[in-house]
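Given the structure of chain P, go ahead and fit chain U onto it with the hints provided.
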Amino acid sequence: MSIFDSLGKLVTESGFAMMLSGDGWKNLVMIAIACVLLYLGIKKQYEPLLMVGIAMGCLLANASALGGFSNALYHQALWDNFLDESSEFYHNYGHILAHGGLIDILYIGVKAGIYPCLIFIGIGAMTDFGPLISNPKSLLLGAAAQFGVFFAFFGATLLGFNGNEAASIGIIGGADGPTAILTTTKLAPHLLGPIAVAAYSYMALIPMIQPPIMKALTTEKERKVKMEQLREVSKTEKILFPIVVTIFVILLLPSTAPLIGCLMFGNLLKETGVTERLSDVAQNALMNIVTLFLGISVGATMVGSNFLNIQTIYIVVLGLIAFSFSTIGGLLVGKLMYKLSGGKINPLIGSAGVSAVPMAARVSQRVGQKENPSNFLLMHAMGPNVAGVIGSAIAAGFLMSMFGG
Amino acid sequence: MLFISPAAAEAVAEEAAKAGTKGEMLSLGTSLLDACLGYLVVFIGLSLLMLVIIIVGKIMVASSKKTAATAAAPAAAPAPVAAAPVQKKLAPGSAGGVKLYDTDPRDAAMIMAIVANKLQKPLNELKFVSIKEVK
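For the protein sequence lines, the chains are P and U, in the order given. For the first sequence, the numbering used here assigns the number 6 to the initial residue and increments by one for each residue that follows. For the second sequence, the numbering used here assigns the number 492 to the initial residue and increments by one for each residue that follows.
So here's chain P without its partners, still in its complex pose (with noise of 0.2 Å):
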């Protein structure tokens, strides 16, 4: 072979001359709107430590199949296979470890469920139930804050999704990443780049899309009320707790056990005081590595031919809705509740009932100080927090119990 030969076959070979070929202008795309995350995840600071691994997963995928089936670090490919019930390899995680590359081995982990329950564990493990415990009727507020999941599901619903879709869409309202990421995966896997990236998105931008909403939807008078102090939880009330919960819930709806099955788990680990050990490993390098992973692998499924949609442009514009309807739930609760209680709640910690936590509680933290800065709701907004990732938990327990027959 000579030289011209050899260069020939790089240049021809090369993922510069892919781009140009087929679908290959969809990749370069993709790599754009990597770098458009990667800019959003590093210099915005939206949810850095998922952001980046979803944008780098993006930009891995995409570049690296530009390269060709054997340089590709992820094959979409083997994962339509994998789920195609008439192909010989449907479900067939063998023929995945044998062809795929890096990031399809890591993605094992996200279509198995694993990633996000072992994160859900490390949740757990960093989550004070103490708020909650101490003013329980804070589980109706992160009740109430799941409208948005249930409001978007109808919405997908209109908008030409199956149910399955439009279950995994609606969750997005959830404001729990995890929550939609296993949703997702057991329902409408081909959906999961969209979903994921909605979601860690809108989490992100809650102190930008939340005040707005409280601001309409509470007096001033409501959102200056002062809360009285929550009583003191004892050590035992902290260790029974999760395990009442796992036992009640899952009994409950047996769906649940996974999501709340670990956050327990997590909990418990924290709270009993003898495996300080394994509770620091579940909130460190456990869920440190589990982010990494799950970033990547969960980014990496975001190749052109899935994502450069129109279904994309409906899930980024319904995961808001799902969030702006969560945060109206939340708040028409919070005021019922204020006047129910003759003005002792403030509305405002209704809106901290989607889960996102703590971001969601310290949105009710600076919108209360606003107008009052002697006021401080941070504990209390804590409690519609904490039970909304339980909500959440439930609320895609009963999807899934629904739809995913």
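Please keep in mind that the hints were generated in silico from the structure rather than gathered at the bench. The reader is advised that the hints may include incorrect statements.
Just the calculated beta-carbon pair ranges, DEER-fashion [stated by the list, open to error]:
1) Thr241(P) with Lys612(U): 54 to 64 Å
2) Gln50(P) with Ala604(U): 26 to 36 Å
3) Pro212(P) with Thr558(U): 38 to 48 Å
4) Ser621(U) with Ile318(P): 35 to 45 Å
5) Leu337(P) with Val606(U): 52 to 62 Å
6) Ala290(P) with Met551(U): 48 to 58 Å
Built from N, CA and C at the ideal position, the CB exists for glycine as well.
What follows is chain U alone, placed relative to chain P:
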């Protein structure tokens, strides 16, 4: 208010068919019912959980009050007529309570003695929760 043209809805359905997705198309009535049912299930589930937590909380508060009352009772008992010289009540200290992680009991005893010496406090007035070797 969501407005969607039939053509756009058809385009979404076509994309879904192309992606080979599982799942049935729902009629608007079924979808609305499912949405209401789902919201209701979340509300009922969390309301029941609220009741369970309230009940557990009440039991815990009652039992802690009972424990406090039992502990307070001997203190409220009348003092003996020929009272012994008043002695300062000793703090419970850490005997048997301190948790050791990768630490030899002899080392732990030495550390506690050093801390007591540095603080100029009797050892039985200090409470050590745990001692852990930092590696």
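We went through each hint and held it up to the structure:
no. : hint                                 : result
1   : Thr241(P) with Lys612(U): 54 to 64 Å : violated (30 Å)
2   : Gln50(P) with Ala604(U): 26 to 36 Å  : violated (49 Å)
3   : Pro212(P) with Thr558(U): 38 to 48 Å : holds (44 Å)
4   : Ser621(U) with Ile318(P): 35 to 45 Å : violated (55 Å)
5   : Leu337(P) with Val606(U): 52 to 62 Å : holds (55 Å)
6   : Ala290(P) with Met551(U): 48 to 58 Å : violated (33 Å)
Violated hints for the displayed structure, listed by number in ascending order: 1, 2, 4, 6.
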